[in-house]
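Enquirer: As they're listed, the protein sequences go chains X and Y.
Quick note: the first sequence uses this note's numbering, first residue 5, plus one each step.
Quick note: the second sequence uses this note's numbering, first residue 16, plus one each step.
Keep in mind the hints are simulated off the structure, nothing from the lab.
Among the hints, erroneous ones may be present.
[As the list claims (entries may be wrong)] Facing chain Y, a subset of chain X residues (Cβ under 10 Å, in silico):
#  : residue
1  : 46
2  : 67
3  : 81
4  : 84
5  : 86
6  : 92
7  : 96
8  : 151
9  : 157
10 : 161
11 : 206
12 : 207
[Stated by the list, open to error] Among chain X residues calculated to face chain Y with C-beta under 7 Å, some are:
#  : residue
13 : 29
14 : 31
15 : 66
16 : 70
17 : 71
18 : 74
19 : 85
20 : 93
21 : 94
22 : 97
23 : 154
24 : 158
25 : 165
26 : 168
27 : 172
We treat Cβ as the ideally placed atom computed from N, Cα and C, and that holds for glycine.
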Amino acid sequence: MTEKIVKNKEKIKRHGLSVLFVHCAVAISTFVLILTGLFGQFPMAGRYMINRLPGLSWLSDFSVTLSVHYWAAAVLILAITYHIVFHGIRRDFDMLPRKGDMKGSVKLIMATFGYGKEPENDKYLPEQRLAYVFIGFSLLILVFTGAVKVLDNLPDINFSRVFMFWISLLHNAGTIMVIIGIVIHLSAFIFKENWPLLPGIFTGKIDLEYAKRRHSIWYNREFVRKS
Amino acid sequence: MSDFSRREFLKRSAAAGVASGVALTGFGRNAVASDVAQVGTMIDLTRCDGCKGLDTPACVTACREENKDRFPDPVKDIPDNWPQKKKEDWSGKKDLTNRLTPYNWTFVQNVNVEHGGKRYDLSVPRRCMHCDNPPCANVCPLSANHKMPEGPVVIDSDICLGGAKCRSVCPWGIPARQAGVGLYMKIIPGIAGGGVMYKCDLCYSRVKSGQMPACVEACPRNAIVFGEKEKMRALAYKRAAETNGYIYGDKENGGTSTFYVSPVPFEKIHAELMKQKAAQSHPKTPGFPGMPVDVENFTDTANGIAWSMAIAPVAGIAAAAGAAYKTMKGEKKDD
């Protein structure tokens, strides 16, 4: 829609400020939440002596980790809300999975290993769209179950034992799902073929030739046909 | 006073039988604000003498007898909590009655305190205070610890992994850990988990069946009174007014279901208890709580931050709507 080729720099704009802000806010807040969740809410920092590492003594101070967990959760909620509303208003659903994404992902992975030809791609790779939904769904589980836990911590609010048992179980399961999702997401960069996408995370721009070659559907739709 | 309270308790049990039935079976409800009348205790230090003449105070003996079937039975070779070379094993000290252990959920502290030019010998029964907003239950990552609608805070020993976070956030460090027992032994013993936490549950099963906690029933001097929490609070204030005494447990940790009445300020009792603790051979060993006055609730700070999570989505919606409007109007080239 509003993508543009950055003249004389052989770059193409893939993400705007909103996307960069959301990705950065979600990444940092999720990292802090996992850190303070695993090592603070689960008392693992002291047990595994992680608190003895330089600069990490605060991880075994539950009052600090709980407060940091709350602040990071607020940032995550803000970023998720921003993301949903921003793209919802613009009806910009490039990241949502499409029919055949599973098959497309397999083809793409096979092509990475030299088996077959890589299919033509839109703005996002099929596996990126699938990873987006998986991580997004996991984060939503964490936000909703986390909100219940926050309410339960308030004075005068005491949800039932069985309800809180399931909420905690879901919160813990959601954490594991997010960690798995992040590991899969980051492992994409093991492959050299995906490296040109990295600058896009920080600057919003990627190499023009790379976009033409690997994201041809997106490039042709947004730049060739419109020009 | 105790006769009054016992009659009161029995009267309440009978009259509120139906209501209690509903309340006590309503565990599955997602009640936000419980409509159940909560129970509590009033502990009168002007009456308790620590059962002088007995080897073990009657309340302690009764508690041990009542809960003996629930005491931990660990494996013989208890693994260390890797990567540390330690574990908490009280199975060789089951007979200890002078502190809180997994095998001793209540005990009596004795202090000699000066106040107003007079010395007082005081005996202080200690166990879980059953807080109004218990941080031990709130911070349990598995929700193994929970405040029941009736007031007692109960640990589910089938779920607890023994991380002991509950003890760390308890102002009195009440829950006691026993290694080599519980769920963690069925998962990856030694690698994750550390045992099971144990503490007083105010004889929850007895309370559910309309009985008094064992310690209350056993007290020969009626120093521990059990009943509806608000009545216990009122009774404590009445007793404090009568004796020109002091109250502990009403404000501490945001409020509890246990109200102590003492003829001397609790600051002095706390100071004496801390002296005793410091003189122990292992002062850092848990199970010998002080009585810090006006101690704050662990979750107070976090609860103060909770508002930010309510504001966050509003801010996100407003910012996103503004940004989307600008980009769609072409004022700002963005995607």
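Enquirer: Please flag the earlier hints that this structure goes against, numbers listed from lowest up.
Expert: 11, 12, 13, 14, 22
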